[in-house]
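Now for the letters of each chain:
6 protein chains.
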Amino acid sequence: MQISARNSFKGVVKKVEPGAVNTEVTLEIAPGIEVVSIITKSSAETLGITEGKEVYAVVKSTDVMVAID
Amino acid sequence: MQISARNSFKGVVKKVEPGAVNTEVTLEIAPGIEVVSIITKSSAETLGITEGKEVYAVVKSTDVMVAID
Amino acid sequence: MQISARNSFKGVVKKVEPGAVNTEVTLEIAPGIEVVSIITKSSAETLGITEGKEVYAVVKSTDVMVAID
Amino acid sequence: MQISARNSFKGVVKKVEPGAVNTEVTLEIAPGIEVVSIITKSSAETLGITEGKEVYAVVKSTDVMVAID
Amino acid sequence: MQISARNSFKGVVKKVEPGAVNTEVTLEIAPGIEVVSIITKSSAETLGITEGKEVYAVVKSTDVMVAID
Amino acid sequence: MQISARNSFKGVVKKVEPGAVNTEVTLEIAPGIEVVSIITKSSAETLGITEGKEVYAVVKSTDVMVAID
Chain S
1 MQISARNSFK
11 GVVKKVEPGA
21 VNTEVTLEIA
31 PGIEVVSIIT
41 KSSAETLGIT
51 EGKEVYAVVK
61 STDVMVAID
Chain L
1 MQISARNSFK
11 GVVKKVEPGA
21 VNTEVTLEIA
31 PGIEVVSIIT
41 KSSAETLGIT
51 EGKEVYAVVK
61 STDVMVAID
Chain X
1 MQISARNSFK
11 GVVKKVEPGA
21 VNTEVTLEIA
31 PGIEVVSIIT
41 KSSAETLGIT
51 EGKEVYAVVK
61 STDVMVAID
Chain U
1 MQISARNSFK
11 GVVKKVEPGA
21 VNTEVTLEIA
31 PGIEVVSIIT
41 KSSAETLGIT
51 EGKEVYAVVK
61 STDVMVAID
Chain R
1 MQISARNSFK
11 GVVKKVEPGA
21 VNTEVTLEIA
31 PGIEVVSIIT
41 KSSAETLGIT
51 EGKEVYAVVK
61 STDVMVAID
Chain F
1 MQISARNSFK
11 GVVKKVEPGA
21 VNTEVTLEIA
31 PGIEVVSIIT
41 KSSAETLGIT
51 EGKEVYAVVK
61 STDVMVAID
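So the protein sequences, as listed, match chains S, L, X, U, R and F. Residue 15 in UniProt numbering is what sits at position 15 of the first sequence, and the numbering runs on without skipping anything. Residue 64 in UniProt numbering is what sits at position 64 of the second sequence, and the numbering runs on without skipping anything. Residue 61 in UniProt numbering is what sits at position 61 of the third sequence, and the numbering runs on without skipping anything. Residue 49 in UniProt numbering is what sits at position 49 of the fourth sequence, and the numbering runs on without skipping anything. Residue 61 in UniProt numbering is what sits at position 61 of the fifth sequence, and the numbering runs on without skipping anything. Residue 27 in UniProt numbering is what sits at position 27 of the sixth sequence, and the numbering runs on without skipping anything.
These are calculated hints, taken from the structure and not from any lab test. Cβ atoms here follow ideal geometry from the backbone N, Cα and C, with glycine treated the same way. One or more of the hints may lead you astray.
[Said to hold, decoys possible] Okay, the calculated beta carbon distance ranges per label pair:
| no. | chain 1 | residue 1 | chain 2 | residue 2 | range |
| --- | --- | --- | --- | --- | --- |
| 1 | U | Glu45 | X | Val16 | 39 to 49 Å |
| 2 | L | Val16 | U | Ser8 | 31 to 41 Å |
| 3 | L | Gly52 | U | Lys15 | 45 to 55 Å |
| 4 | X | Thr46 | S | Thr46 | 24 to 34 Å |
| 5 | S | Glu28 | R | Glu54 | 29 to 39 Å |
| 6 | F | Asp69 | U | Val12 | 23 to 33 Å |
| 7 | S | Glu51 | L | Glu34 | 22 to 32 Å |
[Unchecked claim] Using 30 Å as the maximum straight-line C-alpha spacing, the simulated DSSO-like pairs for lysine-lysine come out as follows:
| no. | chain 1 | residue 1 | chain 2 | residue 2 |
| --- | --- | --- | --- | --- |
| 8 | R | Lys10 | X | Lys14 |
| 9 | U | Lys41 | X | Lys14 |
| 10 | U | Lys10 | R | Lys10 |
| 11 | X | Lys10 | L | Lys10 |
| 12 | S | Lys10 | L | Lys14 |
| 13 | X | Lys14 | S | Lys14 |
| 14 | U | Lys41 | F | Lys53 |
| 15 | L | Lys53 | S | Lys10 |
| 16 | U | Lys10 | R | Lys41 |
| 17 | X | Lys15 | R | Lys41 |
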């Protein structure tokens, strides 16, 4: 499946922290660059998200803000 | 200002494409890793977004999806 | 690719309206049920979105609100 | 109230799963077409979301992605 | 219609700036407090959004970030 | 840090309700105008969000919908 979301970063799962409804997933997409994602617990289980797994972080371009110092 | 959005990536603006209401901004946050952002044209002007400028890409963790091959 | 977004609806493209930066895409996912999507013009071109094409509408569950009469 | 969100689908609540802060609600908007929504537990209670209730799933068009096989 | 979005602010439209696909709407929800919204041009027309009109700004709680100085 | 999100409202924290992964924060941005935000528990702790603290509610303009009666 190819998706309209413009940002897709290959990475490795570093940490998985399940809550009641949501799970927090931390990925490393480049040395020292980590991305934190909140997905439903159900999705995390369906996708088999576990530490060390190769995954993609996917983000719509309208969800990326830009900031300056 | 420090924000609750968990993801903040330092980068350099590579491309700025203004539309009527929105502007598309492409940043490089690591060698070969580009992030595309859509912000309002007004924000792009206020922040002075131009090619070569050092900026941050900021993303809420609930806006990051996870995908597998 | 399999994604964490919980909602994925197969449909057919009914209308494509390109703007300067964004394109509005209307899909029919069931008889009489249409979904409107705004994606970047660039994504619409990359995915080859044209009338009649079979596509999926994909939505994160946190982006679905519930309303009552 | 009439809202700017372009997508509004009438449906019936099939499942309600409350967590600590959020509640996961599953609706059926057409035979075999289910939509999953995460709303705050407080909203679910205020709206009286229970199995069998007639509700609407509401989604902004910028939150709908398009994917192809 | 009553919606799960937790934030709903009554206000008056101060400015309407239509683009090709999207329209930027500025509302005043309290003296000196303005909210900027981007909705589709089509929604703005359907809702009859014009300067001086009484409207509501509606925001999901997951779309509100918190920042500190 | 200055961010592209167009909406930034100064306020005071009225209530903090932590869940397993997310925390619900209620701010007052003007007399009688409250904003509810869901952020990760981790962000709430990092920012030191407690009742009475002066903070900002930050919202992207694409995340603001408009509704009429």
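Exercise for the section: Would you list, in rising numerical order, the hints stated earlier that this structure does not obey? Expected result: 5, 8, 9, 11 and 13
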